[in-house]
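First to last, the protein sequences are chains A and B.
Using UniProt numbering, the letters of the first sequence correspond one by one to residues 1 to 420.
Using UniProt numbering, the letters of the second sequence correspond one by one to residues 1 to 420.
Watch out, some of these pointers could steer you wrong.
The list treats identical chains as interchangeable, and a pair is accepted whether it falls inside one copy or across any two copies.
[To be verified] Simulated pairs of lysine-lysine, DSS-like, Cα-Cα distance not exceeding 27 angstroms:
(1) K145 - K50
(2) K413 - K250
(3) K413 - K209
By construction, these hints were calculated from the structure, which means they are not laboratory data.
There are 2 protein chains.
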Amino acid sequence: MTAEIITIGDEILNGQIVDTNSAWMAQQLAQLHIVVVQITSIPDAAGAIKHALGQAEKRADIILVTGGLGPTKDDVTKEAIAAYFNTTLVRDPAVLAHVENIFERAGYGDMPEINRRQADVLANALVLFNDVGTAPGMSIQQNGKYFAFLPGVPFEMKFLMEHRVLPALRSYQQDTFVHNAYLLTVGIGESHLAREITDIEEQMPAYLKLAYLPGIGSVRLRFTAVGPDLKRLIEETANFVDQVKSRLGKYVVAQADVSFEEVIVHTFKSHQVSVATAESCTGGRISAQITQVAGASAMFNGTVVAYANEAKVELLSVSRSTLEHYGAVSEQTVKEMAEGVKKLFHTDYAIATSGIAGPGGGTAEKPVGTVCIAVVGRRETQVRTYHFRNDRVLNIERTTMAGLTMLWNLFQKEHLTSTE
Amino acid sequence: MTAEIITIGDEILNGQIVDTNSAWMAQQLAQLHIVVVQITSIPDAAGAIKHALGQAEKRADIILVTGGLGPTKDDVTKEAIAAYFNTTLVRDPAVLAHVENIFERAGYGDMPEINRRQADVLANALVLFNDVGTAPGMSIQQNGKYFAFLPGVPFEMKFLMEHRVLPALRSYQQDTFVHNAYLLTVGIGESHLAREITDIEEQMPAYLKLAYLPGIGSVRLRFTAVGPDLKRLIEETANFVDQVKSRLGKYVVAQADVSFEEVIVHTFKSHQVSVATAESCTGGRISAQITQVAGASAMFNGTVVAYANEAKVELLSVSRSTLEHYGAVSEQTVKEMAEGVKKLFHTDYAIATSGIAGPGGGTAEKPVGTVCIAVVGRRETQVRTYHFRNDRVLNIERTTMAGLTMLWNLFQKEHLTSTE
Numbered sequence: 001m002t003a004e005i006i007t008i009g010d011e012i013l014n015g016q017i018v019d020t021n022s023a024w025m026a027q028q029l030a031q032l033h034i035v036v037v038q039i040t041s042i043p044d045a046a047g048a049i050k051h052a053l054g055q056a057e058k059r060a061d062i063i064l065v066t067g068g069l070g071p072t073k074d075d076v077t078k079e080a081i082a083a084y085f086n087t088t089l090v091r092d093p094a095v096l097a098h099v100e101n102i103f104e105r106a107g108y109g110d111m112p113e114i115n116r117r118q119a120d121v122l123a124n125a126l127v128l129f130n131d132v133g134t135a136p137g138m139s140i141q142q143n144g145k146y147f148a149f150l151p152g153v154p155f156e157m158k159f160l161m162e163h164r165v166l167p168a169l170r171s172y173q174q175d176t177f178v179h180n181a182y183l184l185t186v187g188i189g190e191s192h193l194a195r196e197i198t199d200i201e202e203q204m205p206a207y208l209k210l211a212y213l214p215g216i217g218s219v220r221l222r223f224t225a226v227g228p229d230l231k232r233l234i235e236e237t238a239n240f241v242d243q244v245k246s247r248l249g250k251y252v253v254a255q256a257d258v259s260f261e262e263v264i265v266h267t268f269k270s271h272q273v274s275v276a277t278a279e280s281c282t283g284g285r286i287s288a289q290i291t292q293v294a295g296a297s298a299m300f301n302g303t304v305v306a307y308a309n310e311a312k313v314e315l316l317s318v319s320r321s322t323l324e325h326y327g328a329v330s331e332q333t334v335k336e337m338a339e340g341v342k343k344l345f346h347t348d349y350a351i352a353t354s355g356i357a358g359p360g361g362g363t364a365e366k367p368v369g370t371v372c373i374a375v376v377g378r379r380e381t382q383v384r385t386y387h388f389r390n391d392r393v394l395n396i397e398r399t400t401m402a403g404l405t406m407l408w409n410l411f412q413k414e415h416l417t418s419t420e
Numbered sequence: 001m002t003a004e005i006i007t008i009g010d011e012i013l014n015g016q017i018v019d020t021n022s023a024w025m026a027q028q029l030a031q032l033h034i035v036v037v038q039i040t041s042i043p044d045a046a047g048a049i050k051h052a053l054g055q056a057e058k059r060a061d062i063i064l065v066t067g068g069l070g071p072t073k074d075d076v077t078k079e080a081i082a083a084y085f086n087t088t089l090v091r092d093p094a095v096l097a098h099v100e101n102i103f104e105r106a107g108y109g110d111m112p113e114i115n116r117r118q119a120d121v122l123a124n125a126l127v128l129f130n131d132v133g134t135a136p137g138m139s140i141q142q143n144g145k146y147f148a149f150l151p152g153v154p155f156e157m158k159f160l161m162e163h164r165v166l167p168a169l170r171s172y173q174q175d176t177f178v179h180n181a182y183l184l185t186v187g188i189g190e191s192h193l194a195r196e197i198t199d200i201e202e203q204m205p206a207y208l209k210l211a212y213l214p215g216i217g218s219v220r221l222r223f224t225a226v227g228p229d230l231k232r233l234i235e236e237t238a239n240f241v242d243q244v245k246s247r248l249g250k251y252v253v254a255q256a257d258v259s260f261e262e263v264i265v266h267t268f269k270s271h272q273v274s275v276a277t278a279e280s281c282t283g284g285r286i287s288a289q290i291t292q293v294a295g296a297s298a299m300f301n302g303t304v305v306a307y308a309n310e311a312k313v314e315l316l317s318v319s320r321s322t323l324e325h326y327g328a329v330s331e332q333t334v335k336e337m338a339e340g341v342k343k344l345f346h347t348d349y350a351i352a353t354s355g356i357a358g359p360g361g362g363t364a365e366k367p368v369g370t371v372c373i374a375v376v377g378r379r380e381t382q383v384r385t386y387h388f389r390n391d392r393v394l395n396i397e398r399t400t401m402a403g404l405t406m407l408w409n410l411f412q413k414e415h416l417t418s419t420e
């Protein structure tokens with residue numbers, strides 16, 4: 001089965017917001033072996049809505065539409081959909097009671113008319129009751145196609161997908177399956193990776209596709225098999241995943257669709273190894289990225305973000321003479337920062353960063369993009385200087401990824417040695 | 001003039017990555033008064049590429065295509081494009097020399113054949129030379145339409161847009177202008193905001209549109225005016241922006257298209273007021289969000305992320321008896337954390353957070369989503385307990401936004417009082 005996702009909203013088309021809903025929805029559909037054939041973003045305009053629905057209905061079996069249902073702009077959307085399906089809008093008493101109840105509980109006083117209109121739904125639709133917001137979803141089945149209309153607010157969309165749409169789609173019969181498998185690699189570039197495994201890739205059958213998904217400092221490999229025999233797809237994919245994995249060796253950090261932070265949190269947790277960070281140019285980003293993973297508190301003790309030299313001395317025990325001789329952005333300083341924060345939080349490992357993220361602060365000797373990173377482990381300290389480029393946000397992300405990679409490599413080295 | 005953005009890549013359609021390129025490109029186009037009429041994401045498949053090009057050519061004057069040009073998958077894309085334009089591929093010697101040079105400088109040794117193929121370009125295209133990567137861009141002008149094909153790697157796409165595509169588009173003549181103006185509001189919900197300004201909105205002329213763009217804890221208002229007389233659009237928009245701004249009073253934190261963090265950094269910097277954070281459940285997220293803004297080092301001194309009680313006592317001077325009596329997630333503890341980190345970093349203001357972000361760690365008394373936040377200023381300390389929901393990432397984001405809002409409100413209060 002195939003699906004198309006349509007997102008409605010001027011704010012997407014003028015770049016005001018990034019559409020993150022579609023990626024999440026596509027992931028959910030992939031789990032049901034439903035292939036997304038197109039994602040279409042259109043403005044809050046009746047003509048565009050009707051045209052996009054018509055095109056999507058030609059391409060896909062399932063059409064999921066998000067956005068355009070907020071209290072300040074649902075008129076255009078609902079009327080355009082009603083026109084497309086040749087139907088009218090009716091006020092749903094259960095939805096109206098629900099919206100009134102939300103206003104009453106929140107102590108908002110009288111309810112504006114624009115919220116009352118949120119209870120208007122298409123006469124031919126099944127109402128997808130929205131427990132977590134005021135805008136109801138709607139679904140329509142017609143000519144063998146399934147349409148769902150959902151609010152664009154991410155957690156409301158997710159609630160309605162999880163509780164209303166995906167259960168309905170699960171009940172549909174399947175005859176073609178899609179099976180995905182993943183390898184996460186760190187520390188090798190896309191084209192070198194491709195060259196390393198050319199011969200394996202050439203042996204893959206036509207129904208198995210390999211995709212290279214490069215990120216900052218990592219490349220994710222996705223194996224996708226499509227066919228009628230799910231068991232065979234799984235076995236054949238596993239065969240090629242194993243070959244690629246053994247060829248790439250230490251570059252493979254995970255055999256699953258996970259983030260590098262998740263790999264680090266779960267590995268360190270299971271080895272009962274703890275980490276702290278001392279961050280200057282990354283400003284807490286490494287810490288935030290690690291602690292976003294559920295369970296991080298079992299392996300992560302804490303962070304000091306120390307912008308000022310005074311804080312580096314007082315909190316992290318960096319010596320004044322090191323700062324004076326070598327400066328805050330130096331291998332000597334990050335080494336002392338890493339060792340200092342490891343002691344402070346009584347951890348087994350620590351990362352420290354100091355650099356010139358930009359756009360200001362560069363000098364001839366240390367231009368914007370100069371970053372020093374140290375990792376300290378049970379026995380060893382490693383320090384490196386990187387030369388990134390001009391973009392502040394990108395430099396912070398690259399430093400974060402480089403620090404995590406250095407941490408991972410040192411852990412692997414010390415762990416492999418200690419268990420030999 | 002109108003534009004359509006097409007993004008090519010299986011990884012977008014199966015939700016592996018979020019398409020952030022389109023939003024950035026749309027922002028750039030908006031600055032040239034070019035309206036994006038559709039964003040279309042399609043798979044790495046010749047049929048889909050040709051069909052999308054045909055549809056886009058009907059809808060828009062400018063068609064910008066990203067993705068599908070990486071070394072491991074550019075064959076399909078380039079051949080599909082060549083077929084669409086009835087042309088062939090030729091190897092470009094300047095591009096080939098550039099790619100070889102990149103490999104040589106990087107010390108990668110011999111260059112794989114797949115990289116050599118990156119120098120193949122459409123015979124009828126203008127090559128958009130890519131200084132920052134191996135995949136060249138291409139542009140084609142045909143039947144009054146402008147097409148550009150760019151790599152999907154964000155910084156390569158941005159380089160080519162800034163140095164090759166946007167200069168070409170700037171030279172086109174304009175007859176219709178689009179003018180945008182923005183207000184950023186914090187602390188008032190979308191529907192209440194809409195009700196507050198209903199009468200002003202009703203007086204707005206037809207060529208001026210108001211959009212509500214809700215985020216977590218904030219609503220951005222975008223005024224968009226379209227017409228032939230740019231001076232009049234700017235004046236009339238300013239008139240309505242002023243009315244809305246004066247009606248909404250303290251809820252308006254900025255009159256520009258900026259983030260709340262940018263407002264805080266610039267305001268605190270210009271008042272020479274400094275901030276530190278003590279973070280438990282947010283894990284450094286508040287710090288990372290503030291320090292991502294260029295210039296943050298002028299007003300941000302540092303952070304302690306203290307997961308363990310021991311660190312709260314040793315680093316932040318939280319008293320053991322407070323932790324024993326009230327627990328780590330309590331108003332008493334965050335108050336002492338905020339006061340402790342303010343002293344530690346010698347700042348004027350501080351934020352502290354402690355909570356149960358989930359999914360684990362909840363109890364009957366303090367379920368997942370319970371978060372305490374304190375802000376301490378020059379004279380006053382304010383503490384609040386929030387009850388969020390189940391999603392870890394969302395709880396961290398909500399806590400971050402609530403902490404920043406409390407900081408902003410306390411600063412406004414103390415600053416207004418002190419200058420009376």
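For this session: Run the structure past the numbered hints and jot down the numbers of the failing ones, going up.
Result: Violated hint (a single one): 3; every other hint is consistent with the structure.
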